[in-house]
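Undergrad: One letter stands for each residue in the lines below.
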Amino acid sequence: MYENLIYLDNAAATRLDERVLEAMKPYFFDVYAVATSQFGYSIGLDAREALDSARARIAAVLGASPDEFIFTSGDTESSNLAIKGVALALGEKKGRHIITSPIEDFPVLHSVRALERQGFQATYLRVDETGRVDLDHLRESITPETILVSIQTANQEIGTLQDIKAIGEICREKGVLFHTDATHAFTRVPLDVREIPVDLVTVSAHTIHGPRGIGGLYIRKGTPIRKVLDGGFQEFDLRPGVENIPGAVGFATAVELVTPEETARLQKMRDRLQERLLNEVPHTRLNGHPVHRLPHNANVSFRFIEGESLLLHLDMRGFAVSTGSACFSRSLEASHVILGIGGDHERAHGSVRFTFGRYNKEEDVDQIVEAIKEVVRELRRISPLGKEKE
Amino acid sequence: MPLPYSEIVMEHFRNPRNVGRIEDADAKAIEGSPACGDMVAVYLKVDPETQVITDIKFESYGCASNIATGSIITELAKGKTLEEAKKISWEEASKALGGLPPVKVHCSVLAVDGLRAAIQNYEERHGLVKEREPTTVEFVRKRLKHVMNPVVGLDIVRTKLVKEIEVQDGVVRVVLDLPSDHMFASAMKEDIEEKLGHRWDVKQVIVEFTE
Chain A
1 MYENLIYLDN AAATRLDERV LEAMKPYFFD VYAVATSQFG YSIGLDAREA
51 LDSARARIAA VLGASPDEFI FTSGDTESSN LAIKGVALAL GEKKGRHIIT
101 SPIEDFPVLH SVRALERQGF QATYLRVDET GRVDLDHLRE SITPETILVS
151 IQTANQEIGT LQDIKAIGEI CREKGVLFHT DATHAFTRVP LDVREIPVDL
201 VTVSAHTIHG PRGIGGLYIR KGTPIRKVLD GGFQEFDLRP GVENIPGAVG
251 FATAVELVTP EETARLQKMR DRLQERLLNE VPHTRLNGHP VHRLPHNANV
301 SFRFIEGESL LLHLDMRGFA VSTGSACFSR SLEASHVILG IGGDHERAHG
351 SVRFTFGRYN KEEDVDQIVE AIKEVVRELR RISPLGKEKE
Chain B
1 MPLPYSEIVM EHFRNPRNVG RIEDADAKAI EGSPACGDMV AVYLKVDPET
51 QVITDIKFES YGCASNIATG SIITELAKGK TLEEAKKISW EEASKALGGL
101 PPVKVHCSVL AVDGLRAAIQ NYEERHGLVK EREPTTVEFV RKRLKHVMNP
151 VVGLDIVRTK LVKEIEVQDG VVRVVLDLPS DHMFASAMKE DIEEKLGHRW
201 DVKQVIVEFT E
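As they're listed, the protein sequences go chains A and B. Using the working numbering, the letters of the first sequence map in sequence onto residues 1 to 390. Using the working numbering, the letters of the second sequence map in sequence onto residues 1 to 211.
Worth double-checking, as some hints may not be accurate.
Claimed, not checked - Here are the simulated distance ranges between beta carbons:
1) B/Val-151 x A/Glu-116: 21 to 31 Å
2) B/Ser-89 x A/Asp-230: 35 to 45 Å
3) A/Lys-221 x B/His-198: 57 to 67 Å
4) A/Val-34 x B/Glu-91: 51 to 61 Å
To be verified - Chain B side only, calculated, beta carbon under 8 Å to chain A, not exhaustive:
5) Glu-59
6) Gly-62
7) Val-103
8) Gln-168
To be verified - DSS-like, lysine-lysine: derived pairs with alpha carbons at most 30 Å apart:
9) B/Lys-163 x B/Lys-145
10) A/Lys-387 x B/Lys-142
11) B/Lys-86 x A/Lys-387
12) B/Lys-80 x B/Lys-163
13) A/Lys-387 x A/Lys-268
14) B/Lys-163 x B/Lys-78
15) B/Lys-142 x A/Lys-373
16) A/Lys-25 x A/Lys-94
17) B/Lys-45 x A/Lys-387
18) B/Lys-28 x B/Lys-87
19) B/Lys-145 x B/Lys-189
20) B/Lys-189 x B/Lys-142
21) A/Lys-387 x B/Lys-28
22) B/Lys-86 x B/Lys-203
23) B/Lys-28 x B/Lys-86
24) B/Lys-57 x A/Lys-387
25) B/Lys-28 x B/Lys-203
26) A/Lys-84 x A/Lys-94
Think of the hints as simulated: they come from the structure by calculation, not from any bench. We put the beta carbon where it would ideally sit given N, CA and C, even for glycine.
Excised from the complex, chain A in its bound form (with noise of 0.2 Å):
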């Protein structure tokens, strides 16, 4: 049915690769039992061993030993535990304050927000005009009350990287344990515990290919935590429910799919996108870091217009994008990282994120790029705004 269409958003979702389809079919038809003890019946423990394997590669990836890192049902669900399992392990304990950034996507921002209404209170850190955030306010936020800094990996809609090493490396000196959501870096950079003094991360499978309904949390060893969920003991008491285990094997196959080459390959197509945009359509500008951003992401903005009406108009010709103007977002409400960075309401309306994935081909750039020349010259010509300054 979309054979045709120009799929730019791979950020929210992306398609599944077969391989990892085939990876995971046994484990819906063949080996479907639950993952038993070790004395249990011996189609669970193979289950057991699939789930074991499974958490054994992906904790490869990150540097990490397999005991480090359990399965969730995703990037909400890992920031969640995260961040609210930290504050009931240590908020009777150490204190009750939070840092974070105000730019963080939803699952981090709103759990911080949930805290704050039970009492807890948060430091919203500042960010520049690229994204980046302030590492002398972090210095300074710190407090012998601080339990925890939550800072992501990379921005889901502008792109931009955070130092995390930086970040990591004051956190550790003063003593606080620091999470980083990594749902839209995972793979695409490179994320390696033994380098960065991390203690929690929230990595998803959606982003790369892999299934919906499974993520999981990097947890080091010796992190004060407790679980959120209540239920059986699964995931090492940290996270209850009967294990996704074809959810979990194909995570560990679409992590493993993954090659720099691939990377590479996104990554020119981005650069190709963004200075065909930025020198070819006028009052346009770059969101995010130039330089420190993710590979496959672009984010632009087109000044006089309006994000939905451009969504719309390049739905009709077969490209799917996203945008942070107001009237695409659920709660009506423009991007809060535009906002956030300190662009005005109209960047942020007529910003457009392009996000690209296993499937793009090369000339998927020059046909978007011609749809949006034409889209945004009419949306111009309709528009009240910028009429003065031809």
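For this one, chain A is given, so just place chain B on it according to the hints.
TA: Okay, now just chain B, sitting in the frame of chain A:
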């Protein structure tokens, strides 16, 4: 699943009628702003004898429903007298478009307000209006009927979200019967500030929530 827009909306979105400016317009108005996400400019040519709108054009910065409503109101208003055109309501515009999704009604109200503001602009320019209306509690209530509750696509007065209105020394205070973390709380707050903040006698607009 198809888009929640009717065929008529999509047709007007693709091919909006009467787009552009009238350089020697007899009246014009701009409603909304980039900050609120939608903006409509309306230009009128009016026959001074008959008060009939002989030409009308619009410009839109906004989403599909904003562009489509701008387009349809120009069609509805053309050839009508100012008095007749004043009575065009967003319900009528919405009906002519084959209906709008509840969360998008806000954008169509703006286009209708643009038409009314342009007519008012004509009346002011041609000495057809009395004094400027002061901002009273009643006036605020009337304006709030143009702020939509995106959950149902009806205004916040009709859906009983307005708990309190207070006007004192140029400060307008509106209390909405909603928790402050409701998913549309910020959107409605911005809309109210936008509708009242630019009034000649309003210094400040405060929107509060019950929880």
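Undergrad: Each hint needs a verdict: does it hold in this structure or not?
TA: Each hint tested on the structure:
1. B/Val-151 x A/Glu-116: 21 to 31 Å: Given about 25 Å between the Cβ atoms, the range holds.
2. B/Ser-89 x A/Asp-230: 35 to 45 Å: violated (53 Å)
3. A/Lys-221 x B/His-198: 57 to 67 Å: holds (59 Å)
4. A/Val-34 x B/Glu-91: 51 to 61 Å: Distance hint for A/Val-34, B/Glu-91 holds at roughly 56 Å.
5. Glu-59: Holds. Min distance 4 Å.
6. Gly-62: Holds - the Cβ of B/Gly-62 comes within 8 Å of chain A, reaching about 5 Å at its closest.
7. Val-103: Holds, about 7 Å.
8. Gln-168: violated (29 Å)
9. B/Lys-163 x B/Lys-145: holds (13 Å)
10. A/Lys-387 x B/Lys-142: violated (33 Å)
11. B/Lys-86 x A/Lys-387: Status holds; Cα separation ~28 Å.
12. B/Lys-80 x B/Lys-163: violated (38 Å)
13. A/Lys-387 x A/Lys-268: Violated: A/Lys-387 and A/Lys-268 sit about 35 Å apart, past 30 Å.
14. B/Lys-163 x B/Lys-78: violated (39 Å)
15. B/Lys-142 x A/Lys-373: Violated - the C-alpha atoms of A/Lys-373 and B/Lys-142 are around 42 Å apart, more than 30 Å.
16. A/Lys-25 x A/Lys-94: violated (46 Å)
17. B/Lys-45 x A/Lys-387: The given pair, whose Cα atoms are some 21 Å apart, holds under the 30 Å limit.
18. B/Lys-28 x B/Lys-87: Given pair B/Lys-28, B/Lys-87 holds - Cα atoms ~18 Å apart, limit 30 Å.
19. B/Lys-145 x B/Lys-189: holds (14 Å)
20. B/Lys-189 x B/Lys-142: holds (16 Å)
21. A/Lys-387 x B/Lys-28: Given that 30 Å is the threshold and the Cα spacing comes to 16 Å, the pair holds.
22. B/Lys-86 x B/Lys-203: holds (28 Å)
23. B/Lys-28 x B/Lys-86: Measuring from Cα to Cα gives roughly 14 Å; hence the hint holds.
24. B/Lys-57 x A/Lys-387: Between B/Lys-57 and A/Lys-387 the Cα gap is close to 15 Å, so the pair holds against 30 Å.
25. B/Lys-28 x B/Lys-203: Roughly 25 Å separates the two Cα atoms, so the pair holds.
26. A/Lys-84 x A/Lys-94: holds (14 Å)
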